[in-house]
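Peer 1: For the record, in the sequence shown the residue sitting at position 72 is 72 according to full-length UniProt numbering, with numbers rising by one throughout.
Bear in mind the hints are in silico, worked out from the structure with no lab data behind them.
In this text, a Cβ means the ideal position worked out from N, Cα and C, and glycines have one as well.
A few of these clues could be false.
Calculated lysine to any residue pairs in the SDA-like style (CA-CA distance at most 25 Å, straight line) [unchecked claim]:
#1 K46 to D205
#2 K46 to G221
#3 K46 to R100
#4 K46 to A72
#5 K46 to P284
Label-pair ranges, simulated between beta-carbon atoms [claimed, not checked]:
#6 H101 to V338: 45 to 51 Å
#7 A198 to A99: 44 to 50 Å
#8 V338 to Q162: 15 to 21 Å
#9 V337 to D132: 49 to 55 Å
#10 V55 to W196: 17 to 23 Å
#11 R34 to Q57: 16 to 22 Å
#12 L24 to M278: 52 to 58 Å
#13 L24 to L124: 48 to 54 Å
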Amino acid sequence: MVWSRTNQLIVAAAEGLGARAEPLGREHTDYFMRLSLGERRAIVSKTRSPFLTQVAQGLANNKHLSRELLRARGLPCAEGVLVDEAGDIHGPAVRDLLARHGRLVVKPNWGNRGVGVATDVRDLATLARARDRARAIDLDEEVLVEPFIAGTNLRVAVIGGQAIAAAEVVRPRLEAGRSAEAQVAALNRDPRRGTWAAPSLCPMDQIEAEEDLEGHLEVYGLELDAPIPAGREVEITGEELAVIDRTDEVHPEWLAVAASACDLLGVDVGGVDLRGPMVAFTRPPAEAAGAALLLEVNVVPALHLHALPTEGRARPVFAAFVAYCLQLPGAPPPCAVVRV
């Protein structure tokens, strides 16, 4: 039986706490496992706790609605325009956003792992192609258009209402002069990248060029096997070039923002995405003046980013997860009530 990277880390954390993590049924599935210690039992799904509700998960997955509700509660969230299946990507709201900011991000309103996300969109033609791709991926054919925020991707892990780790996630960028195919092949030679077919405790994944990247490049009018033109650069969303632990550098008030976002949405185990200059996250949110903002709350928080950083200290996020799910002594109480 081969567990995924996440489940391997759960098993190791459980063993470290004297607990057990076992398959739920006779047929192997990577989506569920049973945690146990003495009389304590809990069924988890990846890093979803036994306390998470379907309402909380659905609400957090709706980026536009959850952001609107969090903003109404005073959290510093990015603005955005929702374009549904009947909406016009060239409508006045999107045009105004482009005119004011000059650079946009287009993403499925209901998506994960950065699939279907186009960054640094600067013209209406690219915007339309990005819309088409994001809409095809989205569960409800809804697309979120938001300003491009310069700076760092910061992921904060929240478990049981407590922000316990933060990491800077650096995305790979395809540069001019060589084809995307050649550049991805070079990235995949990094021994720190593992494969889905043979999961291991590598911090990053192999980049599947012909799966998602080809469609991503088409948004920008580029081809997989052709050199990137001079003056062009494309970010590969959903992949990592480096993961740097920043837990000790992030200001406590930003950690509180992340914890509050999860608490309000009823997400007891979550990964909160913040974006802005790294220096802004070392200071209180009030000093950011809109340069650093909250983007979204992820119900499946990629805790491996904090357990297996490429730089900095590994954080015991999986031990915290197991302790919380089993309600071991010292763990925070369940906190999965939607409050918005």
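Peer 1: Run through the hints listed earlier and report the numbers of any the structure violates, in increasing order.
Peer 2: As far as the earlier hints go, 2, 3, 4, 5, 6, 9, 10, 12 are violated by this structure, in ascending order.
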